[in-house]
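Trainee: Each chain is listed here by its residues.
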Amino acid sequence: MAKELLKGNVAFAEAAIRAGCEAYFGYPITPQTEALEHMSKRMPELGRVFLQAESEVAAINMVYGAASAGVRVMSSSSSPGVSLMMEGLSYIAGSEVPVVLVDIMRGGPGLGNIAPSQGDYNQIVKGGGHGDYRPIVLAPATVQELIDLTVEAFDLAEKYRCVVIVLADGSLGQMMEPAELPPMQVVRPVDKRPDWALTGAKGRDPNVITSIYIDPAIEEVFNRKLMAKQAEIEVNEIRYREVLLDDAEIAVVAFGTAGRIVQSAVKAAREEGIRVGLLRPISLYPYPFERVHRLAEQVQAIMVVEMNGGQMVNDVRMAVEGLVPVSFYGRMGGMVPLPDEVLEEIRKVQASIDVAG
Amino acid sequence: MTNKELVESLIYTKPEGLTSAVTHYCPGCTHGIAHRLLAEVIDEMGVREETIGIAPVGCAVFAYDYFNMDFAEAAHGRAPAMATGLKRVSPDKVVFTYQGDGDLASIGAGEILHAAGRGENITVIFINNAIYGMTGGQMAPTTLPGQRTTSTPLGRDVEMHGFPLRMCEILSQLDGAVYVVRRSLHNVANIRKAKKAIRQAFEVQRQGLGFSMVELLSSCPTNWGMSAAEALNWIEEHMLPAYPLGDYKVSPAISKHGGN
Ligand SMILES: Cc1ncc(C[n+]2csc(CCOP(=O)(O)OP(=O)(O)O)c2C)c(N)n1
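If you read the protein sequences in the order shown, they are chains A and B.
End of the first sequence sits at 357 in the numbering used here; the numbers just go up one at a time, nothing left out.
End of the second sequence sits at 1260 in the numbering used here; the numbers just go up one at a time, nothing left out.
Think of the hints as simulated: they come from the structure by calculation, not from any bench.
Each hint should be verified, as a subset may be incorrect.
To be clear about the criterion: a stretch of chain A counts as covered by chain B if any three or more of its residues have a C-beta under 8 angstroms from a C-beta of chain B, and this derived list gives those stretches [stated by the list, open to error]:
| id | segment |
| --- | --- |
| 1 | 53-67 |
| 2 | 138-152 |
| 3 | 298-307 |
Partner residues aside, some chain A positions facing chain B, computed with beta carbon under 10 angstroms [as the list claims (entries may be wrong)]:
| id | residue |
| --- | --- |
| 4 | Pro-28 |
| 5 | Arg-48 |
| 6 | Lys-348 |
| 7 | Ala-351 |
Even glycine gets a Cβ: it sits at the ideal position worked out from N, Cα and C.
Isolated chain B, as found in the complex (with noise of 0.2 angstroms):
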């Protein structure tokens, strides 16, 4: 093959956003391919030398490893808070959060909150798969009614263990968040509408319109006990009616600067 014909066929390459780590996750994980979209998002931009990584405690807890950019590693669930530290001394650097269903909204329901109140110019990926994955399949508050979990044997009982928080939700009521929106990873169609909405929300932060967040309904293979495939309907089937997509909370401000 010439040269040229190498470049022609060039159909995928890995984002400069990427580092070359194989990761850890596990086969047909869908944290991969939110990795994926936010680095090609920060690739796009051109943001990526201005661009502060906060990873969580959960099973992104290496994401440090695989984004090529500066990061920092926050105590779980307080990755909102160091983020408001980091962005408030660094106004002009983009930063973001990357935080699983219960760093987010369990043991970090408290900053995610405050952080959406304050309208803290900071971007938040949060990935909802439904359960604890790095401590092994327990219940999380996203765990759906009748859910398996380690913690759960029986399935979520409601009457024991409450109901599910649906964040979007929670977090649109408040002044401060400015876009805040659930897309799904369970096939490409969705998966190019999460991007768009990802770099939506990174757009919202450069204009300095304030909170933002995307929430991804994503797949937990391991814990749910499911092929890889299965995975994947079962947020079609199962998650997607206790979790509807949509945009939750698109301020004004944005369709004045002009939306994508």
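Chain A with its partners taken away, still in its complex shape (with noise of 0.2 angstroms):
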């Protein structure tokens, strides 16, 4: 397939139909409101589900309800209406049915802004919801790379049975880019849907949906369980990007646009011979911590540069453990870094080593 100009939103909404997507639940909330509006279109178009929710909880439990019958489902919001989905969430994580959910991140708190930013990063990726879980959450920094992990994610949710997160923020749901589409899949048939979904105990016994678990150690083995599925998934689904690290001194490390962002700046940097390097986390949960640990051991100084107060920095400097000073770059409220601000923050990191040694 070829290349063609298409806007975030647009992009993963139609990578998500292509996936199989069978449902879709959703609110509309700026800046991700195209996303919905191209499943309203195109989802009766293919004789799939598309439904306007009365809100985000009710549509994260409509997602609920649809993943229980086994199949792939999506909703997508922005932070606020994240917020609201928070309680299903926890409930879906609880009863282990796989489920999509795209956040393209706005300002905040509160009502805030519909400008770019990653303030959510803590809510998503810590859990958010109540309860021992955590969410696959990746971060894409290009329109194709949103476009593949949504796609990835429907894979990833049924591999785990777990809610997988795509993480971005207002530019990319808003940005156009030459991308390309995957193949269209074709949809689960009714009569393969898992052997643990809602269809009707016919010539079975009844299969239960359920995140109840009364007595504490039979609760407690349910949380085992999880943890051993997150362990695995710890093993197996770390993704990052890495540029200009080999012979780095100093490490930048950045997700999402901010990654790309900082991307030009070591860029610029590296021709006043500043050896700086970027790592860009795309698996959020789980976390690169052994790969920063890594470069903690090669480097004399990480940087970490967000969208927002300071968050990620700390998985940053628990990875780190001390070995190297950990300094931070973060813009709010909506407002994105530009290249040269964050090559100013570089300069001064090469400067404190220059000090130093």
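Fit the two chains together into the complex; they arrive one by one in their own frames, and the hints show the way.
Mentor: Okay, here's the thing in structure tokens:
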């Protein structure tokens, strides 16, 4: 298939359709709404389910219901809407049904604004809803990655029977870029729905989808099962990109749009002779702790750039274990850092190394 | 006794739609009656193997242990949304929710209103016992004025806590609602009427006509602080005047298909 000029929100919605998504439930919210609108047109065309819910609370519970029936299902929203989904996501995690959610983050807290932000990192990556669970979280930096990770999200959700969240920011949802859509997959036939799904207990014992384990000892057994699954995810599903790290003395760690901006800054810094590289985590859960730790053994300083007040930086510090200084540069409120600003910060880090050295 | 005698004297048996689990319901609670009526209807319609139930958060949270069919357990109040998702991707299945008054009329008021408004082709069994049973007897949106609960120890003061919600009356206003009726479980005659209504509600769904709900006035002897018999009297004396029994919405489409 050839590349086309695609808007991020439309691109991930169409990618989901091609990944065999059979049902979409959502509620309008900027800067994500084009996805819902695309679904409202395309899903009925294909004989699939689109429904505009009365709220994000309802949307995620509709998703929960459809997922319980064993179909590929998703929702998408933006920060305030995703906050409303936290209860549902916890139930979904607690009953192990596969669900895909795309969060196109915007400025906050509160109503905030509709400009790009990465302020949901803590909420999304650390679980978000109540109880012990982690969704797999994938952070694209380009429209192409947004497409590819959305498709992958469906496979991962089914493989681990878990929640997979594609975490992007408003700029990625709104920008247009040349990108290639995947081929159309066939939708799973009704008689091929998974054996755990609610399909009617015909010729078998009833299936139950529930998240309640009233006996603490049994709940703990279930908790351990989730932990074991997470351990497996932590072994298998770590994803990141590296740019010019081989000989780097400074490593910048940044995800999503911030990572993309840092990449420009790193190239400019290299032209000035600064030996700097970029680590861009793509899976935020599972987080590439091990890779960051090895980097800390190699470089003299690490800088983290985020479009928030400093959230992922805590994971980086945890991975670095005090081996090298970790500095942070962030913009908030929907402000996107410019490569020049980041370059200036890289120069400062270089200067601090020179002083120390 | 010979086998023949045994069969002929068999007047009461467990519906296939129920498991043989012993329920956790308190003595005298009418949840058990509601379960049995539902299971009988599902048996009589022969749809057990294509039915998916959704349990609430409330005393009926473990309904899936008692019903012998596929079941989901929803978040508090969200059963109609979950049912919507399920039904939309499995339109050939029979999907019902089973919800208490806190679940349906308080925390889930939004979800039930919109499911009814959309004319979602699901059946809702609504247990109105005028109290929060599971959490130990606090005020529900259906608690009667003056009624004592653990969170209205001096009785529900409408100046402070407002007035009860009448869900049949509210939902029957919506075009998407096709069959909305209130019945009671306080005596045998009413129990029989309740069963007929449940059957009708499921027939409505089978015929794809839209949203159906049967509200069942129910007892909670434990949290009302009464004996089982007193509780049934209390339904008759106090709940019936506040929640009149009747058919609040019977869409003309139903009689066209032949109601029962
Ligand atoms: C989000 C949330 N809030 C509160 C609760 C606590 N809670 C459990 S059941 C219940 C009330 C149930 O009452 P009702 O729906 O009337 O059903 P009943 O127990 O009387 O059958 C409450 C408040 C909860 N589980 N989840």
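Trainee: Should the hint that Arg-48/A touches chain B count as held when the rule is a Cβ pair under 10 angstroms?
Mentor: holds (9 angstroms)
Trainee: Does Lys-348/A pass the interface check with chain B, least Cβ-Cβ distance below 10 angstroms?
Mentor: Not OK, violated: Lys-348/A not within 10 angstroms of chain B, min 48 angstroms.
Trainee: Against chain B, does the segment 53-67 of chain A show at least 3 residues with beta-carbon separation below 8 angstroms?
Mentor: holds (count 13)
Trainee: Just to make sure I understand the rule, a stretch counts as covered if three or more of its residues have a C-beta closer than 8 angstroms to a C-beta of the chain. Does the segment 298-307 of chain A meet that for chain B?
Mentor: Coverage by chain B is violated for the segment 298-307 of chain A (0 residues, Cβ < 8 angstroms).
Trainee: Let me know if the C-beta of Ala-351/A comes in closer than 10 angstroms to any C-beta of chain B, holds or violated.
Mentor: violated (53 angstroms)
Trainee: Per the CB criterion, is Pro-28/A less than 10 angstroms away from chain B?
Mentor: Not OK, violated: Pro-28/A not within 10 angstroms of chain B, min 15 angstroms.
Trainee: In terms of beta carbon proximity below 8 angstroms, does the segment 138-152 of chain A have 3 or more residues touching chain B?
Mentor: violated (count 0)
When the structure is compared with the earlier hints, violations turn up for hints 2, 3, 4, 6, 7 and for no others.
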